[in-house]
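Asks: Chains A and B, in that order, give the protein sequences. First residue of the first sequence? That's -1 in the numbering used here, and the numbers climb one at a time after it. First residue of the second sequence? That's 246 in the numbering used here, and the numbers climb one at a time after it.
Worth flagging that the hints you see were computed from the coordinates, not collected in a lab. Every residue gets a Cβ at the ideal spot worked out from N, C-alpha and C, and that includes glycine. Warning: the hint list may mix true and false statements.
Example chain A residues on the side facing chain B (calculated, C-beta under 8 Å, incomplete) [to be verified]:
hint: 1; residue: Pro185
hint: 2; residue: Asn186
hint: 3; residue: Asp214
hint: 4; residue: Asp226
hint: 5; residue: Ile227
hint: 6; residue: Arg233
hint: 7; residue: Lys234
hint: 8; residue: Gln244
hint: 9; residue: Glu250
hint: 10; residue: Gln253
hint: 11; residue: Ser255
hint: 12; residue: Val256
hint: 13; residue: Leu281
hint: 14; residue: Met284
hint: 15; residue: Val286
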Amino acid sequence: MPLFDSDFLKKLEYLSLVSKRVFRGTLLAQRRTMQLGGGIEFSDHRDYTPGDDFRYLDWNLYARHEELLLKRFQEEEDLHVYLLLDCSRSMNFGSPSKFDFARQVTAALAYIALADLDRIAVAAFADDIVADFPLTRGKGRILALLSFLENLQPQGADTNLARVAGGFVHRNQRRGLAIVVSDLYDPNGFERGLDVLRHRRYEPHIVQIYDRREADPANMLGDLELYDIETTLGRKVTITEKNLRQYRKLFEAFQESVQRYGNQYGIGCTRTSTEIPFDQLILKMMRVAGAVR
Amino acid sequence: MNLANPTASFWACLAIPIVIFYILKIRLRRVPVSTVLFWRQIFEEKKPRSLWQRLRHLVSLLVQLAFLALLVGALVEPFFSWEIDTARRVVLVIDNSASMKATDVEPSRLARAKELGQRIIGGLRSRDQMAIIAAGTQPQVICGLTGHQRTLHEHLAAVPATDGPTRLAEAVALAGRLVNDDKAEQKHVQVIVLTDGCAKDVGSITEKDNVQVVAVGQRTDNVAITAFQARRSLLDPIGYEILAEVVNYSDEPVECRFEIDLNGDAIEVAPLKLSANEKWSKVLEKTSGGGGLLTARINREDALAADNRAVALLPHREFQPVTLVSASGDLFIEKVLEANALVRLNVIRKLPAGGDKPRRSQAGAVMVYHHQVPNPLPPGPALVIDPDVGCDLWEVGDKLQNPLVTKQDRDSPLMAHIRLDNVLMPEARKLTFTTAAGKPQILAAALTGEPLLVALERPQGKVLILTVNLDKGDLPLRTAFPILVTNTLGWFAGGRGELREALAAGAITEVTLPETIGSEYLLHGPDGQTRKLPPGVKRTTVGPLDQCGVWSIVADTPGATPIQEIACNLANRAESDLRPPEALPSLGEEPARAMGFAGRPIWFYLLAAAWLLAGLEWYLYQRRWIS
């Protein structure tokens, strides 16, 4: 069964129409990007984090309240949307697999952006960027994009988001919205990669995907060999009820850390299970974006 | 220590595959995961290859081998020689007589005795053997000597409750015969009697060696019907007499009501005030043409219900058509016959002609001929009074003047309650019997030997001839005359159903079965139980009738009506007196201490240890303390 069939395209068209009707003028190219220093119209403040440009610190506020806050300005320009798709082997897990789900979400977001006259580019990554779909514009490019996505395969060794982000930001390209579609299972921590994007004035957005069996592993009691499909390494363990309880706590803590990171830096963060249909997820994302604005 | 089943030790070879399986590396189930990031955090908290981790596989192997060793140990059935030497043979005698139905202990004395018996069985040692004997009605071996406790438990639970008498002495004697075959083993023989002590012979068994009496129940008051019988009156054709006896087996006075009904219709209600240990006895005279079931009841709730009710069967009386042929119309004879409530009298003046058909209601009637006698005498029963003429059975001779009765057959039922020696009889007929009369039975004769009252039993019907002239003399005025007529009619009727005795529970009786070829008969008990009677016999013995109520014998065909019924009552003073002797011992600690859980065979403990070990292993495995 093909990943992007005619039903899928119909759903994309539907999502595009919904985005135009409901969020007219508030999405992507028709909205103003939240870029620091680019514009002249003040928008709001945010907390200072190490690495931010001191020039945008609101010293007056600091003098009054002794709080380091950064001024944010709206910059009026066409939005460039960069979709960073995780192709690591860990994504090839679950039913349906997280990889398929991620590709569908990526395709949907790209279609909406193209329909909104935005420019989009897709970078597939694992331990590094493994494939690129160059910056493009117009709905007519959607089929090429779908073909690109369909030809992608899970690959690579350990996910390394920092290396990927480093390679991505050093490209000669304009800043824009960087949507990371991944499970964020980075042994070195997902925060470093996202920090790089933020520091380079990209506007990151996280779409974290997980499988139900990852959140609640059933039938894993007893002596067994855990086979890591990303590293292809095995580990013989004896899992007890206590271990399962520990696992669930750790997974929950990981999910909360992702959300906490997004909240801390004002980054859009969408966590989803593969059980939710992709179109429902997109609608949910649009609803959240509308509510925020 | 010896082994009863040494060949079972070959099962120990199972240790080899167990060890092999432990030596071989078992392939673990492989579970793919998207990342081991979280699992790594969990398992790196503790050192993966600790000393215990290495040892736990060995502990697991040792637990398995220990489990196998225990199982094999149980299979070879080890035992000590002293177990054989000290094995006991116990006979449990359980009293299941009527008094054991008493409910002074919940739910009943028998149930309590069974409960005690089950405890005693549970305390048997491995090599002990036990037999169970029921001591009610008839001593009966319920279960032979066996050491299989489940069998003993089942047989003891199946001991039925009966209304029969206690036969403790016979049961103990039977127990002695059951285990007494080897004198050398006498010291290990024990007879345990579970009884309420409500029996005459309980004192004799308590003195015996190796007999331990365990009492159940307590001293309890009881009012009982100890006798209830009914019979037809010998004088009154429709009368009957009831003998009833009620005893207060209590040390306190009681008040109650005694009721009798016939087929559900009350015929007697008597309020009773009985002092301590008082016996009330009475004979009641009643009348009823129809028979049926007489039921006596005491309206007092006490511990034993079986003796608060008694039954008796009253024989049914049939109406008897009688045709009196008398030209002159003797009023004495007519009135005597009319006075009999069962007689349907028809009086005619002339002898019926030979071709005359009798009326439908008079078919098979008893013919009473006064003076006139047909020649020949027709078939059927006939009473001939003062015949003027002869017939095929006799010839009439001269008249006898003032005959004195000097000889009277006192054994004949026809002469019951009759004395003719002081009756004035001025005239009688002299009769000479022909050979067709067979052998006449002279019931009364004159001094000269002339017969005055003669009975003939011919194949065509019985005949009674009274040669006395009733018009002269005072015989019609004496009580002997109506009694004679009543006896005669009863003799003609065959005398059936005069007395159907109510039997005491536990009795055995003989019954006569109809001679029907190919028929089989069943004995139905009051509690619904059915016993087959031996086929092809005319007389058979039924019993013991161990339940109170009405027993019936019916043909083994659907919808058959009873051909005979037998009333059965408790009627046993020893069973109704629910006050056992004071000196009777109760169950103490001695039997429970002598037996107990410690008496199990070694294989039982080994098996229990194996299961315990299996449970422990399961517990440890669930917590992953062993693999």
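Asks: None of the hints should be skipped; say for each whether it holds.
Replies: Hint by hint, here is what the structure shows:
1. For Pro185 of chain A, the suggested interface contact is upheld, since its CB lies about 7 Å from the closest CB of chain B, less than 8 Å.
2. For Asn186 of chain A, the interface hint is violated, the least distance from its beta-carbon to any beta-carbon of chain B being 11 Å, above 8 Å.
3. Taking 8 Å as the C-beta contact cut-off toward chain B, the hint placing Asp214 of chain A at the interface is violated, the least distance being around 12 Å.
4. The criterion of a C-beta within 8 Å of any C-beta in chain B is met by Asp226 of chain A, whose closest approach is roughly 5 Å, and the hint holds.
5. Of the supplied interface hints, the one on Ile227 of chain A holds, with its beta-carbon coming within about 5 Å of a beta-carbon of chain B, less than 8 Å.
6. Using the Cβ-Cβ criterion of 8 Å, the hint placing Arg233 of chain A at the interface with chain B is satisfied: the shortest such distance is roughly 6 Å.
7. Because the closest C-beta pair between Lys234 of chain A and chain B is about 6 Å apart, less than 8 Å, the hint holds.
8. Annotation: Gln244 of chain A was flagged as interfacial toward chain B, and the flag holds, the nearest CB pair being 5 Å apart, inside 8 Å.
9. The interface hint given for Glu250 of chain A is broken, as the beta carbon of that residue sits about 10 Å from the closest beta carbon of chain B, more than 8 Å.
10. Interface hint at Gln253 of chain A: violated, since its Cβ lies 11 Å from the closest Cβ of chain B, which is beyond the 8 Å cut-off.
11. Taken as an interface hint, Ser255 of chain A does not check out: its beta carbon lies about 12 Å from the nearest beta carbon of chain B, beyond 8 Å.
12. Here the hint on Val256 of chain A is broken, as its CB sits about 13 Å from the closest CB of chain B, past 8 Å.
13. Interface restraint check for Leu281 of chain A: the shortest CB-CB distance to chain B comes to about 26 Å, outside 8 Å, so the restraint is violated.
14. At its closest, the beta carbon of Met284 of chain A sits 28 Å from a beta carbon of chain B; the interface hint therefore is violated under the 8 Å criterion.
15. Annotation: interface hint on Val286 of chain A violated; nearest CB of chain B at approximately 26 Å, more than 8 Å.
Hint check: violations occur at hints 2, 3, 9, 10, 11, 12, 13, 14, 15; the rest are consistent with the structure.
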